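Asker: One-letter residues, chain by chain:
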Amino acid sequence: MSTEIYLDNSATTKLKPEVLAEMMPYLTEQYGNPSSIYSLGRESKRAIEAARDQVAAAIGAKSREIYFTGCGSEADNWAIRGTAYAHRNKGNHIISTQIEHHAVLHTLAALEKEGFLVTYLPVDEYGMVNPADVEAAITEDTILITVMMANNEIGTIQPIAEIGEIAKAHKVLFHTDAVQAIGAAPVDVAALGVDMLSLSAHKFGGPKGVGALYIRSGVKVDTFLYGGGQESGRRAGTENVPGIVGLGKAITLATADIPGKAAKISAMRDKLIAEIPARIPDVRLNGHPTKRLPGNVNFCFQYIEGESLLLSLDFKGIAASSGSACTSGSLDPSHVLLAIGLPHEIAHGSLRLSIGEDNTMEEMDATVAALVEIVQRLREMSPLYHAQAHK
Amino acid sequence: MLYSEKVMDHFSNPRNVGEVENANAVGQVGNAKCGDIMQMSMRIEDDIIQDVKFKTFGCGAAIATSSMATELVKGKHIDEALALTNKAVMDALDGLPPVKVHCSVLAEEAIEAAIADYYKRQGKEFTPKKACGGCCHDCHQEAE
Ligand SMILES: Cc1ncc(COP(=O)(O)O)c(C=O)c1O
Chain A
1 MSTEIYLDNS ATTKLKPEVL AEMMPYLTEQ YGNPSSIYSL GRESKRAIEA ARDQVAAAIG
61 AKSREIYFTG CGSEADNWAI RGTAYAHRNK GNHIISTQIE HHAVLHTLAA LEKEGFLVTY
121 LPVDEYGMVN PADVEAAITE DTILITVMMA NNEIGTIQPI AEIGEIAKAH KVLFHTDAVQ
181 AIGAAPVDVA ALGVDMLSLS AHKFGGPKGV GALYIRSGVK VDTFLYGGGQ ESGRRAGTEN
241 VPGIVGLGKA ITLATADIPG KAAKISAMRD KLIAEIPARI PDVRLNGHPT KRLPGNVNFC
301 FQYIEGESLL LSLDFKGIAA SSGSACTSGS LDPSHVLLAI GLPHEIAHGS LRLSIGEDNT
361 MEEMDATVAA LVEIVQRLRE MSPLYHAQAH K
Chain B
1 MLYSEKVMDH FSNPRNVGEV ENANAVGQVG NAKCGDIMQM SMRIEDDIIQ DVKFKTFGCG
61 AAIATSSMAT ELVKGKHIDE ALALTNKAVM DALDGLPPVK VHCSVLAEEA IEAAIADYYK
121 RQGKEFTPKK ACGGCCHDCH QEAE
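Quick mapping for you: the protein sequence lines, in order, are chains A and B.
Residues 1 to 391 in our numbering are what the first sequence spells out, letter by letter.
Residues 1 to 144 in our numbering are what the second sequence spells out, letter by letter.
Think of the hints as simulated: they come from the structure by calculation, not from any bench.
Fair warning: this is a prediction, and the values are worked out from it, not measured in the lab.
Any given hint might turn out to be false.
Stated by the list, open to error - As a list, the in silico EDC-like pairs of lysine to aspartate or glutamate whose alpha-carbon atoms are at most 20 angstroms apart:
#: 1; chain 1: B; residue 1: 74; chain 2: B; residue 2: 19
#: 2; chain 1: A; residue 1: 261; chain 2: A; residue 2: 358
#: 3; chain 1: B; residue 1: 33; chain 2: A; residue 2: 345
#: 4; chain 1: B; residue 1: 120; chain 2: B; residue 2: 5
#: 5; chain 1: A; residue 1: 316; chain 2: B; residue 2: 5
#: 6; chain 1: B; residue 1: 33; chain 2: A; residue 2: 332
Said to hold, decoys possible - Chain B residues, not near chain A, derived (Cβ > 10 angstroms throughout):
#: 7; residue: 22
#: 8; residue: 50
#: 9; residue: 71
#: 10; residue: 116
The beta carbon of each residue, even a glycine, is placed where N, CA and C say it ideally should be.
Whenever a hint applies, use it, and build me the whole structure from the sequences.
Answerer: Right, here's the structure in full:
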């Protein structure tokens, strides 16, 4: 089976050829260690600093506020644990939401075991956090607020700037996981009012295994990896030079024309959002109708289960993902779908289609046609659908 | 997660889908909350399963195990069908990933539930093989 239509761009994206071209020298003849003093090493160092400038420029930060990490998950881990440990003398309370990525949720769960207190704010039926709830949750002990900018499953874009103002007014540090937002929505650390921001290269045409954490200068965050003096001594380890160079190039390309790209991608999204419910009964759109990632489509198809939907799409060369228990490798469906109030049996039938720059309108037509056929076939096999028909 | 070719074959071309007309044995197990429901209907004559069909809400493995289970019991004496184990269904499918073992348990139970219904309709006593909480969580813990 080969994938002909790739609709899983929120899981990862294809490396852009221009990015690979930039990386190539650092995978081959430019192999110097950036910490070495001779010219081969200096060239690697120069390349890293150029990439740091590119990342900083893309999010409106200063270069020395950018720290490279091994992935987006590491950036989330570092921001949260680093802040918790550096400020535990001030308090032990952290505010987050029920719909964060596991890189955030599992980090918080680990901190709870160490005695930190975490408030997981609920979201509304569209997956939106209410800034008033954030403000109401702040106590004297609150040391950090961490709220994701855009949700990876249902695409809802959170009111980060509003939460940023609240955080500032109460002098609480504010971190956002912007892994899904880079290249999809404007990200400016000053406009958003964030003290820390996580991003990951492979979500916007860069390589896997490299990310970055923005830490506003003056913000105290504990060292994440002890060792050499790399990343100002805060994150040791010989740098992933080709990865970092790829991140720099990818973020420059991804943020060059956000409105143009978003218009093209959201036209495809809106076609799916209009046509799927028009042609398939008993479906439900998950996420916010308008405040959502330009490439995110998420539907629940009643009476069927997500994994069989994905396998059937795969037979037709279409790659997508689902929040069903069977695909998450656990017994419960996605925590995000449960947080927006879906009952388990509906959440099991979820499908996420995430659109990228390389997709086309013809692919959307083909996907809708495939879905009509597959959903019908699976429903005919389902005892739940049968029961419904006889009501 | 990797499925065997047999699982993929039974998922994409499931055998015996639907409901048997004039069924005299119908059983349903699992629940929608857990994400799997299997329904088996049978026409049993002189204790021989003349026809059997299934309807399943669930993942690829749930559909494939239902399909395989119907093939394994069709034409068999009900005692033979009751002796069918989840392991036999799995083996016939060339194995299942560990997290999917509960699907084969569900298939075994669906067969048993249908035959129990047949006993009931005949006014006969049925002794269940083992108790099931009706939720995949129970079997899953067992399987792991
Ligand atoms: C919102 C969000 N945060 C964090 C991550 C983790 O990023 P990475 O895969 O680079 O660790 C992802 C991607 O899976 C994500 O979607």
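Asker: Now tell me, hint by hint, if it's right for this structure.
Answerer: Comparing the hints with the structure gives:
| no. | hint | result |
| --- | --- | --- |
| 1 | B/74 <-> B/19 | holds, 14 angstroms |
| 2 | A/261 <-> A/358 | holds, 11 angstroms |
| 3 | B/33 <-> A/345 | holds, 5 angstroms |
| 4 | B/120 <-> B/5 | violated, 38 angstroms |
| 5 | A/316 <-> B/5 | holds, 17 angstroms |
| 6 | B/33 <-> A/332 | holds, 9 angstroms |
| 7 | 22 | holds, 17 angstroms |
| 8 | 50 | holds, 21 angstroms |
| 9 | 71 | holds, 16 angstroms |
| 10 | 116 | holds, 17 angstroms |
The structure fails hint 4 only (numbered hints given earlier).
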